[in-house]
Amino acid sequence: MTASDILEPTAARRTVDAAQVDSRHKLFNRICAGVLIAFALIWLVPVLWALDTALKPNEETTKTTWLIENPTFDAFGRVLRDTDILRWFGSSLTIALITTIGTVIAASMAAYALSRMRFRYREALFWLVLAGIMIPGQVLIVPQFREMDTFNLLNTFWAVSLPQIPTAVAVFIFKQFFDGLPKELEEVARMDGAGYWRIYARIIMPLARPAVAAVAIFAFVSSWNDLLWPLLVLSNPDIMTIPVGLATVQGAFGIRYADTMASAILGAVPLVAVFLLFQRNIVEGIAGTGLKG
Amino acid sequence: MSTAETAVRPSTETRERPPKAGRAERHGRPAAAFLTPFLVLYLLFIIGPALYGLVMSFFNTSLVQSGLGSFAGFGNYAEALQNSDFWSSLWHTIWFTILTTPPLIVLAFVFALLADRASRGRWFWRLAFFMPFILPSAVVALIWIFIYTPELGLLTTGLAKIGIEAPVWLGDPNWAMPSLAITTIWWTLGFNFVLYLAGLQEIPRELYEASSIDGASQWQQIRRITVPLLGRTTTLVTVLQIIASLKVFDQMYLMTQGGPNFATRSILEYVYDEGFTNFRTGYAAAVSMLFFLVVLAVSAIWFGIVRRQEKGA
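Line by line, the protein sequences give chains A and B. Under this note's numbering, the residue at position 138 of the first sequence is numbered 138, and the numbers go up by one with no gaps. Under this note's numbering, the residue at position 129 of the second sequence is numbered 129, and the numbers go up by one with no gaps.
Hints are computed from structural coordinates only; laboratory data are not their basis. Cβ atoms here follow ideal geometry from the backbone N, Cα and C, with glycine treated the same way. Check the hints yourself; a few may be wrong.
Partial chain A-side listing against chain B, Cβ under 10 Å, derived [as the list claims (entries may be wrong)]:
| no. | residue |
| --- | --- |
| 1 | Gly102 |
| 2 | Ala168 |
| 3 | Val221 |
Label pairs and their computed distance ranges (CB to CB) [claimed, not checked]:
| no. | chain 1 | residue 1 | chain 2 | residue 2 | range |
| --- | --- | --- | --- | --- | --- |
| 4 | A | Ile37 | B | Pro178 | 38 to 46 Å |
| 5 | B | Ser88 | A | Ser23 | 55 to 63 Å |
| 6 | A | Asp238 | B | Pro228 | 27 to 35 Å |
| 7 | A | Tyr121 | B | Gln220 | 53 to 61 Å |
| 8 | A | Thr94 | B | Thr277 | 24 to 32 Å |
| 9 | B | Ile98 | A | Val269 | 29 to 37 Å |
| 10 | B | Glu206 | A | Ile37 | 24 to 32 Å |
| 11 | B | Gly121 | A | Arg202 | 36 to 44 Å |
The following residues of chain B were derived to be distant from chain A, with all beta-carbon distances above 12 Å [unchecked claim]:
| no. | residue |
| --- | --- |
| 12 | Leu81 |
| 13 | Gln82 |
| 14 | Trp87 |
| 15 | Leu99 |
| 16 | Val194 |
| 17 | Ala198 |
| 18 | Pro204 |
| 19 | Arg223 |
| 20 | Val227 |
| 21 | Gly304 |
Bound conformation, chain A alone (with noise of 0.2 Å):
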């Protein structure tokens, strides 16, 4: 300030000018927040809206309004009641499981062997995993269906999930980052006398940690809200999955839109729930993994 004083009349200006720009950048920010907001509050309207038609009644949900009269549960037990979506649930979570589990194995043990061991071929294989990438899992759904059913595999979890385990793409994301990792401790771990598989389980599996949760996660949400696949090659509802078995009930409600508007909530409530606990892993895994997919 006291620099300021002494200078001569311009600096004086340039200060009162300053404070202009500063004003105005406090407005443009708080336009832009707003302007942000208002969208944030929009992109929350459905799902809002459903929960809100969902403690309904039956008969109220016809009024469009967002005031609840006589707000009940009701429409949440008779889904849990009249579905199987608790068996759905079940169907969904081993199917996902069993592919998270698989791909993260068999990704990371080829990535493993094509960032650190020397052999022949190897050149050749990498581009032959590359080329996987570029082919979309919506162009082999015909041939598919046809190996299924030629294994007697049909209304199994190992068809929905045997294609989904070789990922391209996870074992591309899984050698660029064993790539990264330094090689001292597998030198000092080799003179110790490990072997291989007890490196890559002991030393680079945990190291992998961030990439492990980024594949698993990927693989994870992708199989779980997969709708074409699983609804080809399950027809049975014993073992459907989420997506199929409310493509299946879609219809089934009729009007009944609370009950309509509930099994939309539940079938959404456990991916929704993983994600408000671990949001900024979830959101770094799909980002992260879908940037090189």
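Please arrange chain B on chain A, whose structure you already have, making use of the hints.
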């Protein structure tokens, strides 16, 4: 993000070391053991079916008969290319891509830019914009069919309150696709949003500080610094978005069943109908291959752009 970013850089170390002929086989056996689980599944369920599908596309294969059926040559391909159903479903897919891609890029960019400036509430923006992305398509469909319900749906009554007469959304052949696009924008925006947020965090703060000392306004900063420096993120988001939009199936299958009057049948739903409803497996495999070519073309264009960007940098 930081770990993923560091992992992106391929290690040069493996490439620098020339593979010596004598050493090449040194790890042959353990390598085979480590590669076997992935490779067996990969060959059995990805590469195998890809080749099987290619072969099948040249035969009159049927879902209800075993074996490949009679040889068709390029018959299935010729039929698809002459079939108006094929072209209209391809056009619907492209129309959907045109409707969804620009808003999903622009809105995601704007929201990320605004969220990046806001000093607080990061978890709230992520919740609002990213949470829909982890909902199963069936849940999204149930909620939005209800919102689009003629007369008593939230959107119709809401618009009526401000004096706008709403269309019948999913029931109108002209409005069905835009309706599906709106739902899709709401559902999947969060993915692009977090990619842009990650990109924004990479821009060094000093650039903004330096330019504001030079008297640049915030708007100038966005135009001269933020947008150009996010060029690579935008290329990536664009190509991922185009490919994701081309693969659309769930929304149509669940919300319109391809209707009204096939106005929203996408190419994947066409494959589904021909292969699994009409049992024409060989023909469906040929259509899948044609669709694969479209996706490959998009990836190839992207690859070309990335190479040019890297040369320019």
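Checked hints:
1. Gly102: Constraint on Gly102 (chain A) satisfied, holds at 8 Å.
2. Ala168: Interface hint status for Ala168 (chain A): holds (8 Å vs cutoff 10 Å).
3. Val221: holds (6 Å)
4. A:Ile37 <-> B:Pro178: 38 to 46 Å: Hint violated: Cβ distance 26 Å, outside 38 to 46 Å.
5. B:Ser88 <-> A:Ser23: 55 to 63 Å: holds (57 Å)
6. A:Asp238 <-> B:Pro228: 27 to 35 Å: violated (56 Å)
7. A:Tyr121 <-> B:Gln220: 53 to 61 Å: holds (54 Å)
8. A:Thr94 <-> B:Thr277: 24 to 32 Å: The hinted range 24 to 32 Å holds for Thr94 (chain A) and Thr277 (chain B), with Cβ atoms some 29 Å apart.
9. B:Ile98 <-> A:Val269: 29 to 37 Å: Roughly 35 Å apart at Cβ, these two residues keep to the hinted range, so it holds.
10. B:Glu206 <-> A:Ile37: 24 to 32 Å: Once the Cβ atoms are compared, 29 Å apart, the range 24 to 32 Å for Ile37 (chain A) and Glu206 (chain B) holds.
11. B:Gly121 <-> A:Arg202: 36 to 44 Å: Given about 42 Å between the Cβ atoms, the range holds.
12. Leu81: holds (17 Å)
13. Gln82: holds (20 Å)
14. Trp87: holds (18 Å)
15. Leu99: At roughly 19 Å from the nearest Cβ of chain A, Leu99 (chain B) sits farther out than 12 Å, so the non-interface label holds.
16. Val194: For Val194 (chain B), whose nearest Cβ neighbour in chain A is about 4 Å away, the distance does not exceed 12 Å, so it is violated.
17. Ala198: Since the minimum Cβ distance to chain A is about 6 Å, Ala198 (chain B) lies within 12 Å and the statement is violated.
18. Pro204: Answer for Pro204 (chain B): holds, closest chain A Cβ roughly 20 Å.
19. Arg223: holds (14 Å)
20. Val227: Since the minimum Cβ distance to chain A is about 16 Å, Val227 (chain B) lies beyond 12 Å and the statement holds.
21. Gly304: Check passes; 15 Å lies beyond 12 Å.
The structure fails hints 4, 6, 16, 17 (numbered hints given earlier, in ascending order).
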